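Undergrad: Each chain is listed here by its residues.
2 protein chains.
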Amino acid sequence: MSRVAIIGSASWGTALGIALARKGTHVKLWTRTGEEANKLNKEKENTTFLPDFHFPFRLWATSSVEEAIEGAAAVILAVPAQSVRQNIQLIGNYLADSVPIVSASKGLELDTNKRMSQVIAEEIAPHLQPNICVLSGPSIAQEAAMESHSAVVIAANNIAVAEKVQQVMSQSCFCTFTTTDVIGVELGGALKNVIALGVGIAEGLGYGDNAKAAFITYGLAEITSLGVAMGANPLTFTGLACLGDIIVTCFSPSSRNRDVGIKLAKGHALEDILSSLPHIPEGIATTIAARQLARRMGANMPATERIYRVLYEGLDPKIAATELIEYYADKSYHMSESKLVPHLASGG
Amino acid sequence: MSRVAIIGSASWGTALGIALARKGTHVKLWTRTGEEANKLNKEKENTTFLPDFHFPFRLWATSSVEEAIEGAAAVILAVPAQSVRQNIQLIGNYLADSVPIVSASKGLELDTNKRMSQVIAEEIAPHLQPNICVLSGPSIAQEAAMESHSAVVIAANNIAVAEKVQQVMSQSCFCTFTTTDVIGVELGGALKNVIALGVGIAEGLGYGDNAKAAFITYGLAEITSLGVAMGANPLTFTGLACLGDIIVTCFSPSSRNRDVGIKLAKGHALEDILSSLPHIPEGIATTIAARQLARRMGANMPATERIYRVLYEGLDPKIAATELIEYYADKSYHMSESKLVPHLASGG
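Heads up: the sequence lines are chains A and Z, in that order.
1 is the number of the first residue of the first sequence in my numbering; add one for each residue after it.
1 is the number of the first residue of the second sequence in my numbering; add one for each residue after it.
The following block holds chain A by itself, in its conformation from the complex:
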């Protein structure tokens, strides 16, 4: 059976490890310290980030990069978006020539506004860059770990690389589909967290389901507009990597980004909300990057702009929601859906 290395032992990395090991793959889960690795191997469970899921015997933790990566058919990065750069720096020298490097992190890098695959490409040797691919989609870690049915996409510029990963990862309860739209998949997975923050705010303010549905629809549309401006296929945003992931956010009570939105709407300060969480949800940084990208690309993102102001400029969530409704209401007296959402007119 094949071997896979997973860099990152938080919930998603652990869940992927459990899912792959159950399938029969030998998985090495890399941890920062030897103590962490020992603890995981001894307890056969990640009690911190994914409690109650017993490790299959083919899943083994190690703090040695060399040991983790040796002989791996794929190296999966499942670390927070803001630490992808430092992690790829750590492992870059150990990467073998034709082994896919799979980014399973959703977000944009602060300051550079770069996608994860771009960050990885900058930190590895040029001849390794074609090995980069991206895994994204609606994926609550617990469900993937418990063999509940999940489906994700794997994107690579070179479809053969994505197909290699598909061969390694696909199983009856974890479907993977390939695509070459790396930009669309990465932007979809990152920007959906901004929408999740907004859905949370709407939820926390007590808006109805009609309003939430309209918000999500036009939120998806503004994400898509930015994506199109950056070279993505608009229809990628209707696939698993964006729409699918947004729907999970709507359904699932376990979305951390949505939770932050709900708490903001209830009047909690961002600082207090974040200090109570083990990780900072990806949407918090992604909103900054999304807004900067929107400005640079000339994309109109009325929801993202207001979510940014709620997070970083103290805008009252109630006023933000009212402003956004007025923005749309004003247009609703005279505008076509395709003018409101420019890519609707150009696509299809």
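Honestly, the hints are just simulated from the structure, not real lab data.
Check before you lean on any hint, since a few could be wrong.
Since the list gives no way to pick one copy over another, a pair counts as held whenever it fits inside one copy or between any two copies.
Claimed, not checked - Straight-line C-alpha distance at most 20 angstroms; calculated SDA-like pairs for lysine to any residue:
1. 263 <-> 89
2. 331 <-> 171
3. 39 <-> 49
4. 331 <-> 205
5. 331 <-> 173
6. 318 <-> 148
7. 318 <-> 173
8. 339 <-> 171
9. 318 <-> 328
10. 318 <-> 180
11. 42 <-> 32
12. 339 <-> 160
On a predicted model such as this, the values are computed, not experimentally measured, just so you know.
Starting from the known structure of chain A, arrange chain Z on it as the hints suggest.
TA: What follows is chain Z alone, placed relative to chain A:
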């Protein structure tokens, strides 16, 4: 102020009437019998279909078609899809030359598989046909009636007709956007009820949120495939009329189609479920039409096919779900998302 006639006094017709009358429009709500009209006018409330919403003074019920339609700036049909034909036959002779006829019914006609605007066109004089338009989107009646924020689309072949209706209907808490993709809007509004049945089945069987998100994503994709085969713009399905409406179905506990799916999954017989409901949810008939259209157009609709068999051929919902998962899992070992969902490749 303008006048509007609403044909149909169930929940959606009543809610639209309340919303318009609140805005200042004079609304005549047409009922089948004089007793019904008297009851509504006396109680100032539709206790049967939309209890607890007081009628504004500009909303008035009448059983006279002539009185309802006289001087109306728009005639809105909000009756069950299967009775649109007989209703338009009743009112056809009273329609004035340049007054928009707005279909607010979601569904496809049984036997003919026709969209509501096609049914209407067949029953009115040719010179009136350009007046036909369609209103659709995420619209829980109660929320529209209570001035919670809602947004919908209005579609007409001739954009000027849609804009006329937009002028009459739009208000700060009821946004309307226009489009010329009548086919897309009607198919989206009709077919989303098939997806709602499937979401209900998944819910009732206890599937996780990852699985439901994947189901909805690919359900939307198969609807879109049929729409594209029939001449719609694929991106219309990402707008309010389809995606927005599907999201309401996911969020809201009040979706009747989803409820039917949940009960089917719990082992109840379709007959028993339907006999306990005041109306037959639109998805029950639409599934038959959707399947026939898919076969005629050569569209691949694996979920619709299985939902049909659950409804009409006694297929066990558990087996239907397993079959559908196997269908996708089988493809997930070797397939790109764009091959799985052909319009993903052609659009954008």
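Undergrad: Are the CA atoms of residue 39 and residue 49 at most 20 angstroms apart within a copy, between copies, both, or neither?
TA: Cα proximity of residue 39 and residue 49: one copy only (13 angstroms, versus 60 angstroms across).
Undergrad: Regarding residue 339 and residue 171, is the shortest C-alpha distance of 20 angstroms or less found within a copy, between copies, in both, or in neither?
TA: between (42 angstroms within a copy, 19 angstroms between copies)
Undergrad: For residue 318 vs residue 328, is the C-alpha pair at or below 20 angstroms within one copy, between two copies, both, or neither?
TA: within (16 angstroms within a copy, 42 angstroms between copies)
Undergrad: Tell me, please, which holds for residue 331 and residue 173 at an alpha-carbon limit of 20 angstroms: within, between, both or neither?
TA: Classified as between: cross-chain Cα gap 12 angstroms, same-chain 44 angstroms, threshold 20 angstroms.
Undergrad: For the identical chains here, do residue 318 and residue 180 meet the 20 angstroms Cα criterion within one copy, between copies, both, or neither?
TA: Cα proximity of residue 318 and residue 180: none, with 40 angstroms in one copy and 34 angstroms across.
Undergrad: As a check of your reading, is residue 318 near residue 148 (CA-CA no more than 20 angstroms) within one copy, between copies, both or neither?
TA: between (38 angstroms within a copy, 14 angstroms between copies)
Undergrad: Go through the copies and call it for residue 331 and residue 171: within, between, both or neither, with a Cα cutoff of 20 angstroms.
TA: Between copies, since 10 angstroms is at most 20 angstroms while 47 angstroms is not.
Undergrad: Between copies, within a copy, both or neither: which fits residue 318 and residue 173 at Cα up to 20 angstroms?
TA: between (41 angstroms within a copy, 15 angstroms between copies)
Undergrad: Are the CA atoms of residue 331 and residue 205 at most 20 angstroms apart within a copy, between copies, both, or neither?
TA: neither (23 angstroms within a copy, 42 angstroms between copies)
Undergrad: How would you classify residue 42 and residue 32 at a CA-CA limit of 20 angstroms: within, between, both, or neither?
TA: For residue 42 and residue 32, the Cα distance is within 20 angstroms only inside one copy (16 angstroms; across copies 74 angstroms).
Undergrad: Within a copy, between copies, both or neither: which one fits residue 339 and residue 160 at a CA-CA cutoff of 20 angstroms?
TA: between (38 angstroms within a copy, 15 angstroms between copies)
Undergrad: Under a CA distance limit of 20 angstroms, which applies to residue 263 and residue 89: within one copy, between copies, both, or neither?
TA: neither (36 angstroms within a copy, 53 angstroms between copies)
Against the hints set out earlier in the document, violations occur for numbers 1, 4, 10.
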